[in-house]
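Visitor: Sequence:
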Amino acid sequence: MIDRIRTGLLALYARRIKNWRTLENASAIEWLKKIGGEKAFKVIWEPLLKGKFGAEAENVAAVWFWNKLKLRGSSRKRGGRESLAYFDGGFFALSEIIKENLEKLGVELCLNLQASKIHSFEDGVIIETNQSKIKAEQALVTTPIPIFKEIASKLPLSYIDQISKIRYLGNVCLILELKQSLSKTYWLNVADPSFPFVGLIEHTNMDDYKNYGGSRIAYLSKYVAVEDRLFQMSSEEFFDYSLPYLQKIFPAFSKDWVISSSVWRAEHSQPIITRGYSKIIPDYRTPDPKIWLATMAQIYPEDRGTNYAVREGRKVARLMLGNLNK
Numbered sequence: 003m004i005d006r007i008r009t010g011l012l013a014l015y016a017r018r019i020k021n022w023r024t025l026e027n028a029s030a031i032e033w034l035k036k037i038g039g040e041k042a043f044k045v046i047w048e049p050l051l052k053g054k055f056g057a058e059a060e061n062v063a064a065v066w067f068w069n070k071l072k073l074r075g076s077s078r079k080r081g082g083r084e085s086l087a088y089f090d091g092g093f094f095a096l097s098e099i100i101k102e103n104l105e106k107l108g109v110e111l112c113l114n115l116q117a118s119k120i121h122s123f124e125d126g127v128i129i130e131t132n133q134s135k136i137k138a139e140q141a142l143v144t145t146p147i148p149i150f151k152e153i154a155s156k157l158p159l160s161y162i163d164q165i166s167k168i169r170y171l172g173n174v175c176l177i178l179e180l181k182q183s184l185s186k187t188y189w190l191n192v193a194d195p196s197f198p199f200v201g202l203i204e205h206t207n208m209d210d211y212k213n214y215g216g217s218r219i220a221y222l223s224k225y226v227a228v229e230d231r232l233f234q235m236s237s238e239e240f241f242d243y244s245l246p247y248l249q250k251i252f253p254a255f256s257k258d259w260v261i262s263s264s265v266w267r268a269e270h271s272q273p274i275i276t277r278g279y280s281k282i283i284p285d286y287r288t289p290d291p292k293i294w295l296a297t298m299a300q301i302y303p304e305d306r307g308t309n310y311a312v313r314e315g316r317k318v319a320r321l322m323l324g325n326l327n328k
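At the far end of the sequence shown sits residue 328, using this note's numbering, and the numbering has no gaps.
Be careful, since some hints might not be right.
Simulated restraints on C-beta separations [to be verified]:
1) 57 with 316: 48 to 54 Å
2) 136 with 17: 44 to 50 Å
3) 252 with 56: 47 to 53 Å
4) 137 with 305: 32 to 38 Å
5) 239 with 181: 39 to 45 Å
6) 252 with 17: 51 to 57 Å
7) 136 with 311: 21 to 27 Å
Under the rule of at most 27 Å between Cα atoms (straight-line distance), these lysine-lysine pairs were calculated in the DSS-like manner [said to hold, decoys possible]:
8) 106 with 317
9) 328 with 70
10) 167 with 106
11) 292 with 151
12) 156 with 35
13) 101 with 281
14) 317 with 328
None of these hints come from the bench; they were simulated from the model. Quick reminder that beta carbons are idealized off the backbone N, C-alpha and C, glycines included.
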């Protein structure tokens, strides 16, 4: 009972911390043990931390975990029930609306181009792609930092060394289209060290399954190093690997429930927020005044998310416009 009380107090305490800088030099493990106790850490937090970050769990800063607790706590109503929203039609609908409005403003969208190099000249920048060279007054790069380093290789080595300190985990995600629901739960965190997935999300417990042709949609997500065996598996191998773990939680589940499955991978999905992270985050302004950088790794102390991407996009756009006016 004492450990349960301490766990509840930990969540309340996290919501009352205003100055996140006081946590910058502590690891998530140190902080959780100190505030919540050793037993709660072993039962709840350690499996979740290691399930998400694997070998990097010991390097994760307290700031990252504090923000997660604060964010989840603020999404609950007085009765404790969580209140979440979903954009009608999802990210695709959102991107289509943005695309339509940009085209009305006369913006030219160059799709399916792969940028290989970006460098400045006297009057602006040149972006080399697999089809052509594009000239611009300024350029904003929003790729993950490892890709940015490749295409902006002419920036000073000292700057490249600095941004190279930011490391990433990849992500592999199994998406299942099902004939019936797994459970009534939308987001299930699994605090079991033997379970390789930290979360099982049944999306159609949040958004109406009728919007998906009557199918139920669920997914398993795993953050791993790109060298990891799980990341290297084929889609069929990954599905077969996941099946017994699904059946462990849902004994009635079988392959007969599955209408279709697909696997998505991203190499640079989760920046690893380490202690003292604010000291290594690059500014939006790079050493080249005509080349700008805005990525998910620069969102701090919050973690990556669409809301923050919109916020930071507006912020860097204002800076770039101010630079043009000068």
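Visitor: Does residue 167 pair with residue 106 here, judged by a C-alpha cut-off of 27 Å?
Guide: violated, 41 Å
Visitor: For the pair supplied as a hint, residue 317 and residue 328, is the alpha-carbon distance within the 27 Å limit?
Guide: Given that 27 Å is the threshold and the Cα spacing comes to 17 Å, the pair holds.
Visitor: Using the beta carbons of residue 239 and residue 181, state whether their distance is inside 39 to 45 Å or not.
Guide: violated, 23 Å
Visitor: Between residue 292 and residue 151, is the straight-line Cα distance small enough, at 27 Å or below?
Guide: holds, 16 Å
Visitor: Please check whether residue 57 and residue 316 have a Cβ separation lying inside 48 to 54 Å.
Guide: The hinted range 48 to 54 Å is violated for residue 57 and residue 316, with Cβ atoms some 36 Å apart.
Visitor: Residue 252 and residue 56, beta-carbon distance inside 47 to 53 Å?
Guide: Given range 47 to 53 Å: violated, Cβ gap about 25 Å.
Visitor: Is it true that the CA of residue 101 sits at most 27 Å from the CA of residue 281?
Guide: Violated - the C-alpha atoms of residue 281 and residue 101 are around 35 Å apart, more than 27 Å.
Visitor: Is residue 156 within 27 Å of residue 35, Cα to Cα?
Guide: violated, 45 Å
Visitor: Taking the beta carbons of residue 252 and residue 17, is their distance inside 51 to 57 Å?
Guide: violated, 33 Å
Visitor: Is the distance from the Cβ of residue 137 to the Cβ of residue 305 consistent with 32 to 38 Å?
Guide: Cβ of residue 137 to Cβ of residue 305: about 36 Å, so the range 32 to 38 Å holds.
Visitor: Between residue 136 and residue 17, does the beta-carbon spacing fit 44 to 50 Å?
Guide: holds, 47 Å
Visitor: So if I understand the rule, the pair passes when the alpha-carbon distance is 27 Å or less; does residue 328 with residue 70 pass?
Guide: violated, 40 Å
In this structure, the earlier hints numbered 1, 3, 5, 6, 9, 10, 12, 13 are contradicted, and the remaining ones agree with it.
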